[in-house]
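If you want the building blocks of each chain, they are given just below.
Protein chains: 2
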Amino acid sequence: MENKAAVTLLAALAQETRLAIFRLLVVQGVQGMTVGKIGDKLDIPPATLSFHLKELTRANLIDARQEGRFIHYSANYETMGGLLSFMTENCCSAATMANQEVSGCS
Amino acid sequence: MENKAAVTLLAALAQETRLAIFRLLVVQGVQGMTVGKIGDKLDIPPATLSFHLKELTRANLIDARQEGRFIHYSANYETMGGLLSFMTENCCSAATMANQEVSGCS
DNA sequence: TCAACTATTCGATTAAAGTGGAAATATGGA
DNA sequence: TCCATATTTCCACTTTAATCGAATAGTTGA
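Sequences listed follow chains A and B, in order.
If you read the first sequence in our numbering, its first letter stands for residue 1, the second for the next number, and so on.
If you read the second sequence in our numbering, its first letter stands for residue 1, the second for the next number, and so on.
No lab work stands behind these hints: they were computed from the structure.
There could be a bad hint or two in this list.
[Said to hold, decoys possible] Chain B residues, not near chain A, derived (Cβ > 12 Å throughout):
# : residue
1 : 4
2 : 49
3 : 57
4 : 81
[Stated by the list, open to error] If you want the footprint, here are the derived chain B segments under chain A, 3+ residues with CB under 8 Å:
# : stretch
5 : 8-21
6 : 82-92
All C-beta atoms in this analysis are idealised placements derived from N, C-alpha and C, irrespective of residue type, glycine included.
Please model the complete structure; the sequences and the hints are all you need to start from.
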């Protein structure tokens, strides 16, 4: 992953509502959650919610799955994992080389 | 760390120029790099660079150290480590519970 | 097919972020 | 002190993000 791709992912998560949505979906696992449930749980108006779901989808951080008239959104763990790898490498590489201890970096 | 704090950090990094600055500083280690050098290396006009350094500083992702008439900026590994911990937990908790394998998550 | 329901798009508005030239503010050396 | 250099602030401008009511579009069951 290079800078631009990482920025897209970071930007998608760098928004309170979207981060809340994503965290909620992470907890739900692969089955995900319908738009209505997400909106109820987080108290977000439909239009606003739809906007943010689109942003997260565009970044490939969540997936949509239609089921009847409901749409289930679920977290895309692979994308998130890729971002984490990128960040871990770009946070800790120098510190590792210098044998420094850096809290939180593995 | 809760949502709001994470959003501040993510937003600080969710910008191409700032991410480039931060990555550059991560590689420099504790000694850091002067504003002028950063500007030369990444080809950023002074005013723009100053703006972004301020943003990163505000998020506590970088530290400033004056030395003569130069200011050395360096990456704050602790802050970044904290963000990584937050993201790791909020990416992988559900997957871990479900015993799923999630690439990039540890 | 139509009524009820779920979700998205449209469109108008407001707020915030990013850019960079020019002026101002440090700092140290002559 | 005065000049050169380093960095920041000021300011005007452009772009992009976020919000959400209302209208629209799919979907299903009656």
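Hint by hint, where does the structure go against what was stated? Just the numbers, ascending.
1 and 4
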